[in-house]
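Residues per chain are reported as follows:
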Amino acid sequence: MLQLDNIHKKFGSEEVLKGISLQVNRGDVISILGPSGSGKTTLLRCINLLERPHKGTITISDLSVDAEKLSRKDILKLRRKTAMVFQSYNLFANKNTLENVMEGLIVVKKMKRAEAKAKSLALLEKVGLANKADHYPSQLSGGQQQRVGIARALALDPEVILFDEPTSALDPELVGEVLDVIKHIAQEGVTMIIVTHELSFARDISTQVVFMEKGNIVEQATPKQLFFNPQQQRTKEFISSRISEWSYDI
Amino acid sequence: MLQLDNIHKKFGSEEVLKGISLQVNRGDVISILGPSGSGKTTLLRCINLLERPHKGTITISDLSVDAEKLSRKDILKLRRKTAMVFQSYNLFANKNTLENVMEGLIVVKKMKRAEAKAKSLALLEKVGLANKADHYPSQLSGGQQQRVGIARALALDPEVILFDEPTSALDPELVGEVLDVIKHIAQEGVTMIIVTHELSFARDISTQVVFMEKGNIVEQATPKQLFFNPQQQRTKEFISSRISEWSYDI
Amino acid sequence: MAEVIDAFWKLLPKLPLTLSFTGLALVGGTLLGFVLALIRIFQIPVLSQLIVVYISFMRCTPGIVQLFLIFYGLPKLLLQVGIHINSWSNFTFAVIAFGLHCGAVMSEVIRSAYLAIPKSQYEAASAVGMSYFQSLRRIIIPQMLRIATPVIGNNAISIFKESSLVFTVGVVDLMGQAQILTQRKYGITLIETYLAVSFIYWFFSMIFGRLLTFYQNRTERKYKIMARRA
Amino acid sequence: MLLDWDYMLSKLPLIIEAIPRTLLLVLVSAFIGFIFGFLLAIVRSYKIPVLSQLATAYISIFRGVPLLVQMYLVYFGLPHLFVYVNEAFAITFFPAEFNKMFIALLIFSLYTAAYQAEVWYSALRAVDYNQMEAALSVGMTLPQALIRIFIPQALVSAIPNFANLFIALFKQTSLAFTIKVVDIMAVAKMEAGSTYRYLEMYVLIAIVYWVLILAFERAFVFLEKYFSNQKKHRAVSRG
Amino acid sequence: GSSSNKDNGGAPSTGGGQPAAAKVTVLKVARNAVPNPPFSYLNDKNVMDGYTVEYLKLLDERLEEYKFEYEEIAREAMLVGVESGKYDFAANFYYRNPEREAKYLFSAVEYGYSLNSLIVKKDRDDIRSLDDMKGKKLTPMSPSTGLRTLVVDYNKKNASNPILVEDIDAVTDAEAVQWVASGKYDAFLTNTTVFENVNAQLKLPLKIAAYVTKEPIWVLFNKDKKDLAARFDEATKALIDDGTLPALSEKWFGVNMFKSLKDVNEQYKFK
Ligand SMILES: Nc1ncnc2c1ncn2[C@@H]1O[C@H](COP(=O)(O)OP(=O)(O)OP(=O)(O)O)[C@@H](O)[C@H]1O
Ligand SMILES: Nc1ncnc2c1ncn2[C@@H]1O[C@H](COP(=O)(O)OP(=O)(O)OP(=O)(O)O)[C@@H](O)[C@H]1O
Ligand SMILES: [Mg+2]
Ligand SMILES: [Mg+2]
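Residue numbers (our numbering), protein chains in the order written: chain A, 72 to 321; chain B, 72 to 321; chain C, 7 to 236; chain D, 391 to 629; chain E, 18 to 288.
This is chain A alone, in the form it adopts within the complex (with noise of 0.2 Å):
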């Protein structure tokens, strides 16, 4: 459903993805975790081609491109089967939470106003954000902004979802309704990649997890295997620093 290949980024000298392959199929939820620096957020970036990879294909569905030939038509098809939850949120400074939400619908997906806002207002409800349609991302709070940038991204109903660490800003109660919600999407098959550095987030969620590390995957595996019987010395290493804490009770 969605397959990279062999996917190469520098910046400057600096290659921060080293051939990146991943093969995702049909509402599949993929966590990537990883150390800081480690190429994740530009992993993401350049699925929907926001970053220019050097190398590599991104195919999503029957959509292919060759990130060496770039058409700004293929840019715009594959950027509308997927949407993203920024790191740090990204809201349109100039709309509202609402409009924030609408924006997409209105402009992308040629939606009627009356429909968009009745869509839009359903899931500002899901993620509790209702009584905030009318401010404005520089009077939300944190964990506030990062919910819109949530509702935005799944407002476009897209087949894939790119989430950066979209509970970072976000209480454990809120933590465990995102993961309500994304699992409640993933049922209706929407593929689905979240960079996260929760683990238990990562366990409780995916279907699978990627563990990443200085711009190569060190290892996949399904979050069972991955958590409880890593295959490398490195995952080891990075998942035990947490791991103790967890009561085995999976």
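Incorrect hints may have been included.
What the hints assert, rightly or not - Quick partial rundown of chain D residues pointing at chain A, CB under 10 Å, derived from the structure:
(1) 477
(2) 520
(3) 521
(4) 525
(5) 526
(6) 529
(7) 542
(8) 543
(9) 546
(10) 608
Derived from the structure by calculation, the hints contain no laboratory data.
Since we're looking at a predicted model, the values are computed, not measured.
Where is the CB? At the ideal position from N, CA and C, for every residue including glycine.
Starting from the known structure of chain A, fit chains B, C, D and E with the ligands onto it as the hints suggest.
The following block gives chains B, C, D and E with the ligands in isolation, referenced to the frame of chain A:
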């Protein structure tokens, strides 16, 4: 050492802080927990007067300021006793990593350039970023920016450090390292107030935990008490969403 | 063509005057504009309103009227309080008039650049303990400059060309010299002289623009992907 | 040296009569310059090859050459050139005279476009690029992202600069008199020329300009408020 | 650059009212920065020269109690400056008319004349005076020239059938003669000497169709300078009577303008 008395803050008609009082001793590490939008960030920002409270007094060691009669001099003095790590990092966009950390030392502490540089490099080393010293904020990953923010605050040797979700963008390994750094500093008698969503982090680091909701302090206690024997129903609910995972091995 | 070159050499001696005039008016105006902009940003009561009127007057009335006001009005005004400035050179009066005008325009340039810097940058500086002016100097102004360089270029070039108005009060600048040259010959060499004078104006505007672009590209590297990520 | 207010008042109707012409000059050229300037800025911002170099050259020339000279060269120089070309090639293709209003509009538009391009260029850099990325990630095309997200934010800081330019242009249109277009300043000069009441006429024209421009100045203030209201940008990313 | 006459000791003193007292008053004089040959202009040596300039020099020598200090500024600025009192008087071949008299003080004795003529294409015979210009087009005129006032005054008197004239910010003589030569306009109203000097260089097929006026030219004083104006009159009169100014006129205009228009016409050698 740090004392807040009856701090009130409104945004328009919305009262975000409804009379917060807090007493912190020298070397204490206070964690503030609470749902998204409960006013945690606003409280931190009130302490160094980035946000002006409508009422209340703030006392840090010998300096006491009344929110209703602020003088420019008091504000500056207060800010020089504190340092802050922002939820959204807020690095100086026109300065590279090293300069971001040095800036305060040179301008505020009037330190010699060479000395400031040595100190800053040492701190960057501590947060694992010595090799990114000449990168600009726009070239850093989320976690890297957050660590620069932490180094910048630590460099100032303030009496109080305010952390706004300092580990939200950090992977578990780094969280452990930052925890070590913070513990180390606390031993030197620096007071710290940390807003966090990571209950385990709060548990491991703090001398006192404060639980806030809707602009009020719901409960304040030692971590042990608050996590394992909360007095308030609301606290219990909030904690339970996560705490169940912990192997009660403390 | 020979006439263009001839005119060019005859115009050239007036270049230092025009350049120094532009420089003085621009530097004075920028400093003034900065103060005005700060007062407006902080909305200091009374002063702020006065400045709005001042800016409005300076921007909206013709330059020649302002020049006459300073040239003829200011000495009379100051005489009332016993200050004699009638002996000042016309050059000085013209610099004052242009500086005041430039200040009004620059204050808007500066204010708009200030508005464009996210408040978070100022907050970060405050949190580090910088005083307001320290944060301006070290953090805010460098970032304002990055945004405002093209507009500063606009204004510098405008003043450079508008300075030709000083010929009205007898300061012979580039354009004044061009007029003298053409009128002396009853306008026979008008086009040639204007071509020469245009070349000089264009050349220096272009050099100045290049310098700004160079500065801009140098600083731009830092922001190249400005908050592309966070 | 008292001003003769009665005289001034008596001349006011003459000036008022010329106001529509001045407004036409200003509004049309400011609008064309606004659009064209934007295109130039986009071409430069995205470093589109060839076009970007052309834009740079264009801006440098129209910004650097005094407006008066531009007027002269086009209105008086071009016919000379055309006569020469017509004779040289034995054709009657090029006109020996232009419509003066058309020339004035053309020059003012081209001139102000060069300046407005720089304001646009600066404005586009003032907006955080992550806003563009957010819009693209939602699936907007570049023009959609520009119009709906980027430009409204860019305008906040650009409006004071556009106001500066607009007001400057308002007064610069008096240069149209060099090619016989009679605007309000020209009327003032003509009256002063025949009566030598320069002081009165200059004060009068200053007042007229001020009153006229004041209305536009207010409009710009309103626009600035409108866009910055929308943006609430000052505290964004406070987290 | 202003120059002032420093040695006024050797000048012959005329029988003025005041005794040759020690006190010398400095007069601020406004002159036109834009050249107006042959009245006043910067010559090739970058020194002010011309009929008006030489007249002022003579006057300065003659009036011992005054010392002139010159400043060259724009035409508008000269007038505003005299009005505001910044300058004591302005010299720039000014014509006289009632509107101006209301604003400034004119001396009683003119110091010279501008002989104005209509310039037409060589092959035209239909224009012999301003009256023949009815319904025809004069070249565009700048509002700050005195010649335009002549036409405006004429049109006021002949409102039913005015001379057509367009207004323009500024126009050079060279441009105007070319317009006439190209047939775009019917005639150019200008100072005779100016036309001769221009056409000496351009050699266009043009001719002087008629002398329109011999317009006296004046110095303009600030309204408060009545005494000064009186002293000027005395001195100017003396300069005319002793033949100094007529000689100056011969030098710059090739003709003694102080005679009647008819005499001038005769003196003038033209076909
Ligand atoms: N400038 C503002 N104008 C209006 N409302 C504001 C403004 N800033 C914050 N608020 C509101 O104040 C409340 C508290 O915000 P605050 O940022 O303190 O929350 P928080 O506890 O830090 O939340 P989070 O964990 O999500 O960061 C929120 O409901 C927010 O919408
Ligand atoms: N524009 C850039 N120029 C140079 N280096 C860059 C640039 N953007 C990112 N990098 C570098 O690329 C590396 C990977 O960055 P990326 O943002 O993908 O990390 P990440 O895995 O998302 O980290 P985090 O968990 O901290 O967000 C980092 O070392 C960063 O410094
Ligand atoms: Mg990242
Ligand atoms: Mg917060």
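Outcome of the hint check:
1. 477: 49 Å, violated
2. 520: The hint holds - residue 520/D has a Cβ within 10 Å of chain A, the shortest such distance being about 5 Å.
3. 521: Holds: closest Cβ of chain A sits about 6 Å from residue 521/D, inside 10 Å.
4. 525: 7 Å, holds
5. 526: With a minimum Cβ separation of about 6 Å from chain A (threshold 10 Å), the hint on residue 526/D holds.
6. 529: 4 Å, holds
7. 542: 5 Å, holds
8. 543: Constraint on residue 543/D satisfied, holds at 5 Å.
9. 546: 8 Å, holds
10. 608: 23 Å, violated
Checked against the numbered hints listed earlier, the structure breaks hints 1 and 10; every other hint is satisfied.
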